[in-house]
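J.: Residue strings, one per chain:
6 protein chains.
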Amino acid sequence: MRPSGRSPDQMRVIEMIPGFTRHAEGSCLIKFGDTHVLCNASVEERLPPWLRGKGQGWVTAEYGMLPRATHTRGNREAAKGKQSGRTQEIQRLIGRSLRAVVDLEALGERQITVDCDVIQADGGTRTASISGAWVALKLAIEKLKANGAVFERDPLTTQVAAISCGIHEGAPVLDLDYVEDSAAHTDGNFVLTGNGGIVEVQATAEGAPFSEEELLRLLRLARIGCANIFEAQLKAVA
Amino acid sequence: MRPSGRSPDQMRVIEMIPGFTRHAEGSCLIKFGDTHVLCNASVEERLPPWLRGKGQGWVTAEYGMLPRATHTRGNREAAKGKQSGRTQEIQRLIGRSLRAVVDLEALGERQITVDCDVIQADGGTRTASISGAWVALKLAIEKLKANGAVFERDPLTTQVAAISCGIHEGAPVLDLDYVEDSAAHTDGNFVLTGNGGIVEVQATAEGAPFSEEELLRLLRLARIGCANIFEAQLKAVA
Amino acid sequence: MRPSGRSPDQMRVIEMIPGFTRHAEGSCLIKFGDTHVLCNASVEERLPPWLRGKGQGWVTAEYGMLPRATHTRGNREAAKGKQSGRTQEIQRLIGRSLRAVVDLEALGERQITVDCDVIQADGGTRTASISGAWVALKLAIEKLKANGAVFERDPLTTQVAAISCGIHEGAPVLDLDYVEDSAAHTDGNFVLTGNGGIVEVQATAEGAPFSEEELLRLLRLARIGCANIFEAQLKAVA
Amino acid sequence: MRPSGRSPDQMRVIEMIPGFTRHAEGSCLIKFGDTHVLCNASVEERLPPWLRGKGQGWVTAEYGMLPRATHTRGNREAAKGKQSGRTQEIQRLIGRSLRAVVDLEALGERQITVDCDVIQADGGTRTASISGAWVALKLAIEKLKANGAVFERDPLTTQVAAISCGIHEGAPVLDLDYVEDSAAHTDGNFVLTGNGGIVEVQATAEGAPFSEEELLRLLRLARIGCANIFEAQLKAVA
Amino acid sequence: MRPSGRSPDQMRVIEMIPGFTRHAEGSCLIKFGDTHVLCNASVEERLPPWLRGKGQGWVTAEYGMLPRATHTRGNREAAKGKQSGRTQEIQRLIGRSLRAVVDLEALGERQITVDCDVIQADGGTRTASISGAWVALKLAIEKLKANGAVFERDPLTTQVAAISCGIHEGAPVLDLDYVEDSAAHTDGNFVLTGNGGIVEVQATAEGAPFSEEELLRLLRLARIGCANIFEAQLKAVA
Amino acid sequence: MRPSGRSPDQMRVIEMIPGFTRHAEGSCLIKFGDTHVLCNASVEERLPPWLRGKGQGWVTAEYGMLPRATHTRGNREAAKGKQSGRTQEIQRLIGRSLRAVVDLEALGERQITVDCDVIQADGGTRTASISGAWVALKLAIEKLKANGAVFERDPLTTQVAAISCGIHEGAPVLDLDYVEDSAAHTDGNFVLTGNGGIVEVQATAEGAPFSEEELLRLLRLARIGCANIFEAQLKAVA
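Residue numbers (full-length UniProt numbering), protein chains in the order written: chain A, 1 to 238; chain B, 1 to 238; chain C, 1 to 238; chain D, 1 to 238; chain E, 1 to 238; chain F, 1 to 238.
Extracted from the complex, chain A is given alone in its bound form:
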């Protein structure tokens, strides 16, 4: 039995609130149960120096966690004067995942930055971030179109979503919450595209190593989870 009472392949309740803030070109508050992440996409009509004049745009992401998003208060990264290795790892993953479904040439010479800020954490903040960031990105591109930007082809090639799976008390389970995550022997994050491809697999043994068979079972659970997220994303941007 899972601590939450969920079945092994059951996700937490997904909620997506588009337009949660008003200034961002695209905004979405995403909830995977008690994990709440605010994703804001900002469009800038200029590129970082190293990308200028190459006939393409850029999509990047930044990630942060409010100090009291967690059970005990963490230090504020701005006050400490640097982002942790964990933060940098996550924001690099979000950026790569988004770019996997963006046609950068079609986007044109502009940059979209998606800020993913964790308001409340209960496990799975990076996968919720990727899943919500796609909604914010989609809304921002729709707003560009509504404001007259013309694209030769859609800069978004498909959807992207992510979910964590792990082996908890010997059993593969979908969408770990904090309690499960702390106890899981193997923990994986899977980023999948709307057309069935895999963008990223990160699976880590916390204690004993895992087997190829276990890896495949986690991947199958991830497919189930992402199917749910894809559906929720489409509703959110409708």
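Check the hints yourself; a few may be wrong.
When chains are identical, the list treats them as one kind, so a pair holds in a single copy or across two.
Derived pair list, reagent style BS3-like, types lysine-lysine, alpha-carbon separation capped at 30 Å [stated by the list, open to error]: (1) K31 x K235; (2) K143 x K54; (3) K80 x K54; (4) K80 x K31; (5) K54 x K31; (6) K143 x K80; (7) K235 x K145.
These aren't lab readings, by the way, just hints derived from the structure by calculation.
The hints should help you fit chains B, C, D, E and F onto chain A, whose structure is shown.
T.: Coordinates of chains B, C, D, E and F only, in the frame set by chain A:
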């Protein structure tokens, strides 16, 4: 006429949502119109080294702004590696304001940190922060009591609230929004207590200097505004 | 009775030594009793990027305290690797105060930076800094004129000075020294212009809140103090 | 055909030089072709504060790249004042991989830090680092034993090695060098243990997503590569 | 002819003002012509952790330059967030030079920090700093004695002074000012003790290398200069 | 007797391995006994902004020490976030020493950076760095010529080498190793050119001051040592 159509002594709609997040001992999302600040109070049963063994507690605050809380995206302070002078000024003000209504000896040897994170900004983020921080602080102290902490006397001596006033197009007005704030010739922040005292006055001429009479008119508006906030605070913690 | 034996509306001895250093375009060592601040104004015929091409100049300030300006040695900010929140707050205040009496368009596309370095501290370093910085600024502008710079109108519109006042042992007093400042229940800094206007009021209750009446009494003391400083400034630049 | 002329499942020449430096308790220069990494294990008989008194030890890793290890000179991280996100990601991975084969309780209350410094880079520096770090760690533990440390059971439970695999010009290939790595559409790093378990899988699509079948083919290549590395490790520590 | 009209072995006018500031245990403003350095010695009755319990004290120094000490304004190191290599080099030299004449065991378990802050610069700031720092250090130790500290033997074993010499337009000259320093082909700093010993020699060819004979001629000039400084030091502390 | 059994004027075995790494334009691993430094010269066909358009090039150096180059592990400077004063002092010395034998105008508008990274330390790392850096620089310039760069005259005017000497147990000795260096009463670093000139002398008394006679004896030893190094350099670049 004010850009928002409000009368000179009319505040924006105030909304306070207690318990907005679940981990913090006290939590409140405060809205002054389109300015939204999440205030989370965290209780720690230990003190910074310089305060230990003095028979008193401590209350402090930190302030941050999500990168896209504003009209155009600002750089993330954690990524820049330091907090701006403005950020430090504001969080010092919030801390001072709260301590003005806390009996630190009655609090006992514990520290309460109130994080004020601006989710969406439309002027007045520092005054909304102070006003919401009081609610978070009050809830945290109530939770301490509910969990069995015993205080000889109430650590909170009264309420504290803050509001901005300014001279806009020659007229003193209450609770400046971003459009007014950008155009105001004089801009003041007033921190008042529930029993009529003044905790802090910060009034600044942006262009031409102001007169003593103008200062007093701003202060009178501030009293009106804070009366509204005090009422909303009581409802929120009820 | 005040610890120093001064009457409530009596300032410490003011001394201003213009030309204290030889390289700065304008230089003044200002003394408010045992508080000594070296103010050096540097003219640069170029602007920070964000101000270029706007047909105006800029005036800014930086503030520092020598490590042993105080009773016990403080850490050197350069060695710690960052300026404290207090330092940033003060240097922002000095810059704002100076700009309140500068016609930036008349100044033309150049920047004047006034460095205020505290050689010895005994309370009131920020107000001494503002008062001495005006002298350094005035001397620098005179030097510009002497060197052939032509201004359509005087870039300095009037004088600016600042003084602290506070409530010490229940009585409003002018120009707090360190001993009074440490014990004062309310502490205010007032920045006034030569033509009677108020540029900035910052009044803070350290313990019990203060009343409107007390605020006004502090302001009246500040007018007395600034009148003295204005007179000393004129002598210094004569 | 691969640019290097290697067959798809052919690794570069592996060389391991144990004892490359004399001060470290365990030292190994590892070469995967033109990728050369110096791995030095340092034993300290004390633990970081958060681990003291828990009856276990700790193994951690740091990673660095000499500025001219690469085709064009990179900036020195010590001069820039911070480690890049990439550096932090890699050193966290090395540390996790080593801990997967260490019995921290058996190690006792001491810490072993393995420094992996890239002398020359040609792709695969993180996997060479992990593979060489195991040798340095093993040598350090043997030195502890030789110096009289007594372990109830061997702190090293098995070997660990890592290798990169990727899809280059449509074909899965083993042990990417820099030219292949730059052109690969999918790139994976696999960390395996000497008894056949998987410690970590990190597979990333650089362009088009990849399929489950491709993931499995990369994993199979990784098993071939790690078998070679395990053999070389045993020779190096013999 | 030297630009200043001085003869080759002629120093600039030396002035030392003891007690320039009032809080430091020892204070001296030293002037080598237009080079003015404020030296403040601070006594602390505790040691840095690595020196505790070793039955000895410590003497160290910090160096800084006010932003407008020089012909054109330099950036403030506190604002840049780090001390330059030049600053660190100089403060390490000052500390070493002072410790050469201090009997650290006789000093007892206390630390004296001498802050050398350049108020105005015209060449030779590091040698003026060392020479003035000795005066501040001597005064601080005398104050310790006056306040009742008892030393088995005098912690100051002798005097220490420093002077720069260089080869300017082919001729060895004593005590370079800024104009000479900028043009000198060889530049040396010599630290000598009151009893004729050499503490430090730093001689650098800026263009063509120099010869052994030239090094000795510079050293002889330095002996002349330091004799003058030793005399001035004794007057200052009398 | 010296701890190593060497005679007073006997250097450690010198070894220079040119081409130790393959990407750098010039590379040399230099060994002074157990002190091993990797020197890599990188040519960039652009200059830092402050040197552009002046018809000359630039040569600079950076220095680093691998964390476990020493007997006990030191903290990684990249992780600490800043270079120590010692590191900065050394890299400035290396750069100055190299520029003493480079005709910057003849070099043309390009920059050569020599990275000196200490792989293993046993005293004398800065002098080994200078001596090895010259080899790397020479090889880089030869490579430029081989690749078609045309110089009006040779940018390298002569050789440069450096060696440490010191007074150990009362006797002047050449090329101090770590054991001697820790115990030496006076320690000097001498940088000499191939045509007999002195580029830099840095001699420091660690305890008792030293005399002019001792300085000269150290210098004479340094000439013997550098003669050996010059010979080894010529073999290495042949």
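J.: Evaluate K54 and K31 at a C-alpha cut-off of 30 Å and name the case that applies: within, between, both or neither.
T.: The answer is neither: 37 Å in one copy and 37 Å across copies each exceed 30 Å.
J.: One pair to classify: K143 and K80, alpha carbons no more than 30 Å apart. Within, between, both, or neither?
T.: between (36 Å within a copy, 29 Å between copies)
J.: Should K235 paired with K145 be assigned to within, between, both, or neither, using CA atoms and 30 Å as the limit?
T.: within (19 Å within a copy, 44 Å between copies)
J.: One pair to classify: K80 and K54, alpha carbons no more than 30 Å apart. Within, between, both, or neither?
T.: Close across copies (27 Å), not inside one copy (37 Å); limit 30 Å.
J.: How would you label the pair K80, K31 (within, between, both, or neither) given a Cα cut-off of 30 Å?
T.: Both, since 28 Å and 28 Å are each at most 30 Å.
J.: At most 30 Å between C-alpha atoms: does K31 with K235 qualify within a copy, between copies, both, or neither?
T.: both (14 Å within a copy, 28 Å between copies)
J.: Using 30 Å as the alpha carbon limit, work out where K143 and K54 are close: within a copy, between copies, both or neither.
T.: within (24 Å within a copy, 32 Å between copies)
Going through the hint list in order, the structure does not satisfy hint 5, though it satisfies all others.
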